[in-house]
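Asks: Residues per chain are reported as follows:
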Amino acid sequence: MVTAESEFGPVLIEADAITKSFGGAVAVDNVSISVRAGEIYGLVGENGAGKSTLMRVLAGILSPDQGEVRVDGKPVQPGARAAISAGISLVHQELSLVPEMTVAENILLGSFPTKVGFTEYRKLRQIAADALAEIGVGVDLDERVGRLSVALRQFVEIARAVAKKPRILIFDEPTATLTPAETDYLLAMLRRLADGGMAIIYISHRIPEIFSTCSTVAILRDGKLVRSSSIDSLTPSQVVDQMVGRELGLDLATKRTATPGAVVLDAQGITAPKVNNVSVQVRSGEIVGLGGLVGAGRSELVRAIIGADDRTAGSVTLTHNGETITIGSYQSAVRNGVAYVPEERRIDGLALSMSVEDNIRLPNRKELSVAGFKVGSKTAQVAQLLADKVGLRPPEIRRDVGEYSGGNQQKVVLAKWLGRRPKFIVLDEPTRGVDVGAKAEIHRLVKEIADQGTAVLIVSSDLPELLELSDTIHVMRDGHVTGTLSKEEASEKSVMSLASGETIVRSS
Amino acid sequence: MTTKGTNAETTMTEVGATQKSSIGVAEILAWSSRNGVFVFTALLIIAALVFVDGFASLINVTDVFHRAAPVGIVAVGMTFVVISGNYLDLSVVAQVATAGVILIAVSNTHGIFIAMVAALMAAILFALVNGIAVGVFKANAVIVTLATTFIGLGVLRYFSGGSIFFGPPDGIIKAFGMGKVGPIPYSAIVLLVMTILLSILLNRTNFGFLIRSFGVNESATRLGGSNTALIVFGAFLVTAIAAMVAGFVLAAFSNTAVSNDGVGYDFRALAAIIVGGTSVFGGRGSVFRTLLGVIFVSVLTNILVLSGISFGYQQIALGALIVFAVSLDAIGRKVAR
Ligand SMILES: Nc1ncnc2c1ncn2[C@@H]1O[C@H](COP(=O)(O)OP(=O)(O)OP(=O)(O)O)[C@@H](O)[C@H]1O
Ligand SMILES: [Mg+2]
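Keeping their order, the protein sequence lines are chains A and B.
First residue of the first sequence: 379, per my numbering; consecutive thereafter.
First residue of the second sequence: 326, per my numbering; consecutive thereafter.
Hints should not be assumed to be uniformly reliable.
[Said to hold, decoys possible] Cut-off 20 Å, straight-line C-alpha distance, at most; resulting in silico cross-link-like pairs (SDA-like, lysine to any residue):
#, chain 1, residue 1, chain 2, residue 2
1, A, 744, B, 531
2, A, 602, A, 408
3, B, 463, A, 408
[As the list claims (entries may be wrong)] Okay, the calculated bits of chain A under chain B, using three or more residues with CB under 8 Å as the criterion:
#, stretch
4, 717-725
5, 739-753
In case anyone wonders, no lab produced these hints; they're calculated from the structure.
Idealized CB from N, CA, C, for every residue including glycine.
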């Protein structure tokens, strides 16, 4: 049911009746889509609907069980190289850069320009510089990627796709880690690339972005294409309903029951790389939000507070039932009831080639053992309970985490810590890549643990999320707190004005 | 212990191999790297029974196990270091010899109990140095353990003067070396008991779980609230204690010990571990697989010996086997993603 929009060019890419299964499970089921030059084609669906799988088929990384991919009406040969030479380029959902290498090297990874076997570094830098200029991002070509913020890494990832001079550019949830300003920048960039004649496929869980940017939207549910039509013929709530396949009775504004009690976490004068003399207090039952642009030092601050990274100055205490302890090492923090959901789930949060059960077991191992020996039945029971609680789909705790879709992997990271009834929990981008329904569910869970008395410190680039959850918001810029807003004072505008002053991206 | 992250490989798959849904050569190779040892060991034993004269005798079979025991005991212990993602512990060469020399030399002067305690101290010292350098300072395990091999052998030669130590002809050590339960030599029983104990340690305890988890993702394991330096030390300690036991068993065989006793144990133990299907990339493997690897390598060597093939060719065969098994492991890892 693709509507022929006259304003666009000819069909560039077609996926014809693609089917792909893993083991017995069908991930993509007989899906056909086609995208025209100059079109921005939105693709939405719940976690595990098959979006990334379909895109990996288009990019030649997975070969389909059935169906074929055509560019300009001609079938694309199997393999990632063939797809690239056909002009298809994919910006992966998960960052795939090599932290030890420079920005320029990462952009051309796997396709270094060579002359009689030697890398031509001048040409390499030139191509990398051109790609960055095309997307209008200023970043030092010789900086090691490991030192960049997640947002900048995301843009380097995009430059890498652009450097291949694609005609079809696919974005798999590029905005999951970005703040509103960066998101706006990215969306403007997409429009510019599309106006230049590229065909763009765009995946996001943020429905407003789809409506502001895409001309067509395709909805996947359980691997099947349930609808593909012009954006004008749909409303946002219709899109969500079709994604979910039922009326989503979202009770968005779950009421909080508890009022904040005594101070649980007291961090004074925290100084660390990118963090300059910041003090934060969180009360029992209180949710404190950290706002600011990506790169403002929020993740660095929370990591320094709980001891996950070293701090150069500052003291942190945790008080519970009148007893105060000083938090030094991260290990002692965890032992004393601190929980941490990290920003980079695949690096810091999960052992991908281990089962869901084993991942949940890691922080809970002491409670799930007797004298150091695992209690198998209890471990399985607790893991299943927590997996169900976060709505893991499918809820099979024996499967490797790496086999789950991005959003479902995020749920596993949450499940690891929720069972511990932490006294203090740090949530860094807790709903990154999570679909609308699951996000509402996670918000409900966060409020629930706060109501049970946990002190919550949350970092989120998703402003509506931050506003909805936080009782107090500290806004950071350049490693300082530039202002503190109560729930009444906080709005998108007040947060952004405290946060801005500079942006990480400069327009070309 | 560098690229524990997944970045580099993701990139490789993107530009390189395409995953096929139909079963291809790569999948078969990957399957073989995980399960091949079961099939190959069975085939090898059947082939030996049918074609090799002298293999199927009770004396020969018990002799194979008897000879395999010291290397086997080292290998089941070193499996912990490999699964933790630290490749291997080369210093078992020095550890085996140190344990044997201390056992014989000290029991001649101070009695066997003091000798065993002294050997245990030496084992703990090895584990401490390896564990601190690799676990705390994040130094490369291969280089650190190469260095501790030098230090260990140097110290041992200094004190022993390179001479051979003989135990008393009627002592308990000699009795143990010759001892049997029915037809089964004590050495084989020690190997079996070590395998069972270490298997329980790896699969049923939190310590073993942390070893595996650390081998898969170091950062996530640390952020799960565990002391990673302790995990690394633990892996080296298990290896050191196994190497000590192996040194005792080996010394008891001949009732003698000399500082060269452990030469070749590093490589032969690693061969058994890899052939058993434990991944050198860390995270995946088991102690029982290593035992199977030990059996495979020993039976193969035995067949070569019985067929009158010279030592040089035996070495070539073992080397070739390792290259093959390691390549299978690498392919299996690539296909698995
Ligand atoms: N390598 C794999 N092995 C087994 N199953 C897989 C594998 N990759 C994906 N799947 C399964 O295929 C289905 C679709 O996954 P996919 O990653 O395409 O979802 P998605 O729509 O991108 O979700 P998300 O929004 O969470 O990123 C899921 O059920 C997932 O568990
Ligand atoms: Mg996805």
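Asks: Hint by hint, say whether it matches the structure.
Replies: Taking the hints in turn, this is what the structure says about them:
1. Annotation: proposed proximity of residue 744 of chain A to residue 531 of chain B holds, straight-line Cα distance about 8 Å (limit 20 Å).
2. Restraint check for residue 602 of chain A and residue 408 of chain A: the C-alpha separation of about 7 Å stays at or below 20 Å, so the hint holds.
3. Simply put, residue 463 of chain B and residue 408 of chain A have alpha-carbon atoms about 50 Å apart, too far for the 20 Å limit, and the pair is violated.
4. Counting residues of the stretch 717-725 of chain A whose CB lies closer than 8 Å to any CB of chain B gives 4, so the stated coverage by that chain holds, three being the minimum.
5. Note: the stretch 739-753 of chain A has 9 residues with beta-carbon separation from chain B under 8 Å; the three-residue rule is met and the coverage holds.
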